Amino acid sequence: MSASTTSPGPAGRPALALLSLRRRRRKQETLEADRTLISDNDLRVPGTRVAVRVWKSVFLVILLLVGLYPLFWLTVAATSTTQDTLRDPLGVWGEGFHPENLVVAWNRIQIGLYTGNTFIMALGTTFFMLVVSLTGAYVLAVLRPKYAKLLDVVVMATLFVPGVISLVPLYLTIIDLRIIDTWWAVWLPGAVSAFNVLIVKQYLLSIPGELFEAAKIDGAGAFRVFWYIVMPMVRPILGVVALLTFIASWRDFLWPLLALPSPDRRPLSVAIALTERTTELSLAMAGMLIATVLPIVLFLVFQKQFLSGVSSTGSVKG
Amino acid sequence: MTTTDAGSARQSVWLPRPGRWVRGGGLTTLVFAAPMIIGFTVFGWWPIMRGVLLTFQSTNLITSEWVGLQNIQNVLADPLLWQAVRNTGLYAGIAILIGFPIPLIAAATISELRGGMRQFASILAFLPVVVPPVVAILLWRRFYAPESIGLINTIIGWFGLDPVGWLMEPGWAMPALVVAGVWMGAGSTIIIYLAAMVTIDRELYDAAEVDGGGIFRKIWHIMLPQLRGTILVMLLLQIIGVFQVFTEPYLLTGGGPENRTLTLLMLVFRRFQSGDYGGASALSLLLAGALAGLSWVYLQVTRRWAA
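Each protein sequence line maps, in turn, to chains A and B.
Counting from 1 along the first sequence, just add 593 to a position and that's the residue number in my numbering.
Counting from 1 along the second sequence, just add 79 to a position and that's the residue number in my numbering.
No wet-lab data here; the hints were simulated from the structure.
Only a predicted model underlies this, so the values are computations on that prediction, with no experimental measurement involved.
Hints may be right or wrong, so weigh each one.
Stated by the list, open to error - Calculated Cβ distances over 12 Å to all of chain A for the following chain B residues:
#: 1; residue: V146
#: 2; residue: P158
#: 3; residue: R193
#: 4; residue: N338
As the list claims (entries may be wrong) - A few chain A residues that face chain B, going by a derived Cβ cut-off under 8 Å, partial list only:
#: 5; residue: T629
#: 6; residue: G640
#: 7; residue: M881
From the three backbone atoms N, C-alpha and C, an ideal C-beta is built for every residue, glycine too.
Go ahead and model the full structure; you've got the sequences and the hints to work with.
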C-alpha cells in the first residue's frame, strides 16, 4: 500500500512508476564527492564566499525551525498543562514539566489500547504483504510458468488504476466477505501491492539465474529453492519493503476509519482524529506524541534505508 | 528400489496430463502463485470492476438495479462538484506556487553541504514526512488556532498584526491548508531532487565555468535542464496528489468555510457516508478518468523529453 491515505487498494501513488523504468544507479558515488555546483573557483571570489556561507547558515536555521520546532512544540505541549499551552503557545513548560500526561493518556483515553491496535494492524499488513510479494515475485521472476506473462500484466496493470476508484467497492467487498470490523479488513487489502511485488521481482531478476538452475539440478524442489536460496538472498530488499509498509500502515487513516468501525479496534490515527475535539488538550497532545514516537525512532535508526528507498522510488518514477 | 524408481519413471510418461503437470512442479508453482492471484483478484480487480458496475447501478447493499447514466447525471448536476473542482484548481495553483520552488531550493542547498552536515540536513528535511498525517494535521490546527491561543497568531502579534482566523476566513482557509500539506510532503520531494542532483555530471559544471558561467548561470543552464525529467515527474505527481486530497480538509476545516476547502475526494466520501454508493462510485470513476488523462499527458510529455 502506498503512503497515501487515499488508496486502500493496490494502486495509488506509484501508479506512474512503471511508465519510465529508467534506472539512475550511475554516479551514486558522486554523493561523496567534495565538489558540486559551486566550485572552488566560485568560492575564491570573496563576495560569493560570504554569500554562500550566509545562505547556508540561514537555510539551516530555517530547516531547524521548520523540521524540528513543530515536533519540539508537540513534545512540550504533551508534557504541559492545557492552560499553559493555551495561554502561551510559545512558552516552554511555564507551569512545570508534566511527563505524567503520557501515562494518564495511555490509560485514561486508552492510548495504550490504540497503540496495541496500531501494532496489530501494521504488523499484520506487513506480514501478509511480505507473503504475497515474496511468493508472487518468486513465481514471476524464478518459477516462470506459462501463465507468468499474463499474471505479470494483470498484477502490474493495477499500478495504472487510480486507487480512488476502489474505495467504495472495496468497502462493499469487505462487507460481503463478512470481514468488516475484523483485522482481516485492513490486513488483506493492505497486503496487495503491485509496487512491492515489482520491487521484489526486480531484485530477484538481478540475481543470476544459474544459481536457481544449479539448485534445481542438485534436486532441490521449488519449496527448497524458495526457503534456502530466495529467502536469504532477498533479505536486504525485504527489510526496506517491510519497513516502508509498516510505516505506511501505521500512518493510514481513511481505510481503517471505514474498515474498523468498532471503537475498541481503532488504530491511533483514527482514534486521535475522532476524539481530539472532545479530549482535554494536554492528553490529546500526549496521545499525538505517542503516535509519532515510533515512526520517528524507526526513521532515525534506519535513515539510510529510508532515504535510499525514497530516492530509488523517485528514480523509478523519473 | 532401483526397479521401482525405473518403473515409476516409465509410468510417468503414461500419466494423464494433470498428473504430469503436478509432477513437473505445476501444482507447486500454483501454490506459490495463489496468494497473489487470490489477493489481486479479490482486493484488486474485483473492486475496480465493481466500481465501474456500481456507477451504473443503484444499490442499497441488498438489491441493486441498473439506472444507466443516472448516477453520473446526478453527480454532474451537483453544484458542489464545480465548487470542489474550483477548490482543487486553487489548491493545485497554491501548492505549485509554494510547494514547487521550495523543495528545489532546499535540495540545491543541501547538495552543497558537506559530509555529516548534508546527512543531518537530509534527516531534518525528511522528518515531517515521517509524522503520521493525522498528527501533523491536528498539530497544524493548533498552530492555526484563532486569537492568541494560536502559535502563528502569537508570532504575528509581535509585529503588531491582528490575529487572523486562518481556518475560518474564506480567503485564508485554502492557503493555510496548502502550507500544512507542503510541510507534510516536501521532505520526500527534497530527497528525490537531491538524489537526482548528485547524478548530474560535474564536467558539465566545469565546462560552464570555463565558458565564464557564474553560480546562477550554472543553475539556470545546467542544473535545471538536467533535472527537467525529475521536475516534470514531481510536478505531475503533485497534481495527481492534489486531486486526491482528503485528510487535510477533512480534519482541518471539514470542507468549510462556505465549502471553500471542499475537495473532490471529500465529495466522494460524503456521498458514500449518506449511502449513495452509486453516486460515490460515479464520482470516483470520473476522478479516476481525469487522473488517467493526466497520466497519459505525463506519458506523452516524458516520451518527448526522453527522445
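Verification of the supplied hints:
| no. | hint | in the structure |
| --- | --- | --- |
| 1 | V146 | holds, 16 Å |
| 2 | P158 | holds, 22 Å |
| 3 | R193 | violated, 7 Å |
| 4 | N338 | holds, 20 Å |
| 5 | T629 | holds, 5 Å |
| 6 | G640 | violated, 11 Å |
| 7 | M881 | holds, 5 Å |
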